[in-house]
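*Asks:* Sequence:
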Amino acid sequence: MRLDLAWLLMLALLPAASWAVVLQSGSVRLEIGEDAKLISLKASCSERALGRPGDPVAYVVVEGKTAYATAMTVDGNTLEFAFGASGVAATMTWEAEGDLLVLKPTSVTGAPSELAFLRLPLAPGGDFTCSGHVCAYEDASLALISERAECLVKAGGRNHPYMAASLFSEVSLDPVRIALMAAPFDAIGDEIARAEELFNIPIGMKSKRSEAAMGTYAMVSGMTEQNADQAIDWMARAGIGAIMMVHGTWGHFGHHYAVPESTFPSGIDGLRATVDKIHERGMLAAAHLFATKVPKTSDYMKPKAERRLYEDLNLTLKEPLTPEDDRIVATAPPTEWPVPTGTRDIRIGDEMMAYTELSLNEPFGFTGVKRGLYGTKPLAHEAGETVAHVKTDESRGIFIIDQTTDMIDEHTADIARTYNAAGFDWIYFDGAEDIHPPRWYRYTVPKLKLIEKLDQEPVIIQAAAQGPFCWHLTTRVGQRDYFWVSMSYKDEIDDAIARSVPRAHKNLMIADLGWFPFRPTSEYIPATQIDDVEYLCAKALASDSSYSIQVRPERLRKVPNLDAILYLMGRYEHHKFAGTFSDEVKQRVLTPHQDFILLEQEGKEPRLVRAREMPYVAGTSHVVRAFVCDPIEGVTTTTFQPVGPKATIEFSLDPRKLEFSDYKGDPVEVQVKPGARLVAPVTTRIFMRSKGIGIGEIRMALRRAKVAFIKPEMIFINAPDAARVEGSFATGAKLGVKFDRSVGDVILPSGPFNKDTGRDTYVEYEVEAPEAGSYLLWIRTRYRDTNSNSFFLHDFEQPDEPRLLGNRIGDYDVWLWEGGLEVELKQGANTIRIGGRESRPGESPALDVICLVHDDVLYRPTDADAREALGL
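Letter by letter, the sequence shown follows residues 2 to 873 of my numbering.
Simulated from the structure, these hints should not be mistaken for lab results.
All residues carry an ideal CB built from backbone N, CA and C; glycine is no exception.
There may be inaccurate statements among the hints.
[Unchecked claim] Taking lysine to aspartate or glutamate pairs in the DMTMM-like style, the calculated list, with each CA pair at most 20 angstroms apart, reads: (1) Lys-305 / Glu-383; (2) Lys-559 / Asp-230; (3) Lys-491 / Glu-614; (4) Lys-43 / Asp-140; (5) Lys-454 / Asp-415.
[What the hints assert, rightly or not] Derived CB-CB ranges, DEER-like: (6) Gly-752 / Asp-234: 54 to 60 angstroms; (7) Phe-484 / Glu-262: 31 to 37 angstroms; (8) Pro-503 / Asp-407: 37 to 43 angstroms.
Throw the hints in and build the complete structure from the sequences for me.
*Replies:* Shown next, in the form of structure tokens:
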């Protein structure tokens, strides 16, 4: 054990206290002198001196000035501290509860703004770390736990470390128990759990240590009664531990968290049935919500302005205001009032309004005032009324609840009503960072207010932000939006491993590696690839972490290799919980910027093998991507995956030394052509195992390879071949309009459209489908400008809710393929109706060809496909 020499010399010079009191439990011994200064602090698990003798163990703040404890008297288990000439005195009792040293301030005289009734000066040390509640040395750790959120527990410092517990007059000076305990770091969680049980603190260590805490979860946006079965099936196949429904799907936070009819037409019965289905597949159901804020247009604003929102700035109305006035004259300049758009909200009485400009010179006030906003009405206001600025969460444009009012109770009761009825299991508190002072305390209030109203204690809680006491209420930390560090998924994951995992472990928690987005294929943004997902899964397994994925059911199906990705995720989750891989293997997998691939073969031990991407497959790697693994027992495994649509890859290697299988291990049939040319179908991720072929030979063969898309089954229709034309549509030939590079004649608007639904103007096509199923509808089209760049796709079951078809912005006067809308066709005859939405008569939008693609959600038809199919 190393001790700083200067510190030892200082100890030698300290005067000895004439007497001392010893406070002791089974794990910790605290000795304080009559001068209220620390004499010693030791743990039963270590010989190390944990305290820094000679510093006072308490202080108060009075009128902004700090006064340290100067004297202490003792009466049994009661200590009384004096704080010099501050006029403050405080008493504290203590008792031992097993390993816990429990202390409680019982009275305070005077008027302190802060009472730090325990401040432990700790010994410095090179091995010292601190997380707020736990201060750790190599051989011993100290934890300080508060009974309630009203007591601020804090710790920190490097050269002068400390742990402290304080009460504040702006919150409460009422007595609160705290518990001090000591143990080796790997056992301190047991002591904290005992303190949480003694103090009846919810969630706590039992949640942090639960199996559910290490499980993954999916943040599902746009979940509905209609798509729930498919979404649940996908997530169950991926081994996902929980499905989190994003706010707005399960509860409308602008309407008191009522179940939205748009997503669950059956109301709470439909929502509860969906949650039951999640449970039946072995997953938890989570609710994403905002407990601290409401939308500006919420029901709270109708018909009168809500007065229980947080108002951070105030002025006085100098002149009366009529309902028509657009200028507010105040008695003082609004020098600190914000100017960013969306933050200029004012409440005067029962009316909400917003200003355009500040008037900082006389007449002071605001100009360009918009009146009667968010459901309120313009009203007359008298001079002398308060002009209040209503604080906005700038990132979302919504109002913050004033927690000193009963609105926080109403709001959390609304949430609890739907949450309980639906049968949810856990909560994500989003937007928790947007609160008013004192922030250390206000972080916790909404969480506790909601938890106390729930029928069952949540299994897990996560939050966007937290104060000290929230540490007990939080299960995991580290979740992040992706692409703040890099546009690379893998860089972002490495950053999470480097920062989030150590932070979580330091706080005795599981790390959440973030909200990993599942991107579908699009024209401008690369889709999420299977190697991106495997990188995430491998690092999560190796660090014993959770991760979360962001998905929308209607977009998820367009992620390349979806079935293989879901299967892969499930296998990694299985091995994570089974403890398949050793710590040595997991440490290697955590190497930054290094891919690993899970290799499983029947009858063989699963392996996590280092892999490298093969550069320039077929010259570009844009159609097929390949990775080669380090050889195992003379066998080299290479993986192939389609980057987008299904493809084939043709290359030259000795077929006698190769075998192919899919991601599940089933054999894949490969065509062998003369000259040892192989054509492998890359319809999903496949594995090629080779023996006796060097990696260099594989690399050169793949560089020289040829790739080609596998064309799916497609139905093409020439636009003028409509079975029915209604309203202001006509062929180009009829209008005397011709376009260069069109496949054939076109359909054009001949007049204005009914833009609401497209029911009056449409074209219908009879489609003969060879088999029933899901098809993607594409159109070859041309736009003139942003006001004539879309159609409607009619829905016969919901005629008043047509789907938007097209609407590409920026690509004008060129032919392009738009759409990719999913439609269900029955075998045989079907009718497709395209309605008019925007019109530039005789010019735009021009409809050239309709295409329906079956059995490949990633394939985009080409002009060549259309000309070949139509013979034009």
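*Asks:* The structure should be examined with respect to each hint, and the outcome stated for every one.
*Replies:* Verification of the supplied hints:
With a CA separation close to 17 angstroms, the supplied pair Lys-305 and Glu-383 stays within the 20 angstroms bound. A distance of roughly 17 angstroms separates the Cα atoms of Lys-559 and Asp-230; the hinted pair therefore holds under the 20 angstroms criterion. About 13 angstroms separates the Cα atoms of Lys-491 and Glu-614, which keeps this hinted pair within 20 angstroms; it holds. For the suggested pair Lys-43 and Asp-140, the alpha carbons sit about 12 angstroms apart, so the restraint of at most 20 angstroms is met.
With a C-alpha separation of about 10 angstroms, the suggested pairing of Lys-454 with Asp-415 holds against the 20 angstroms cut-off. Under the hint 54 to 60 angstroms, the C-beta atoms of Gly-752 and Asp-234, about 47 angstroms apart, miss the expected range. In this structure, Phe-484 and Glu-262 meet the distance hint of 31 to 37 angstroms, their C-beta atoms being roughly 34 angstroms apart. A beta carbon spacing of about 41 angstroms between Pro-503 and Asp-407 agrees with the range 37 to 43 angstroms that was offered as a hint.
The structure is inconsistent with hint 6 alone, although it conforms to all the rest.
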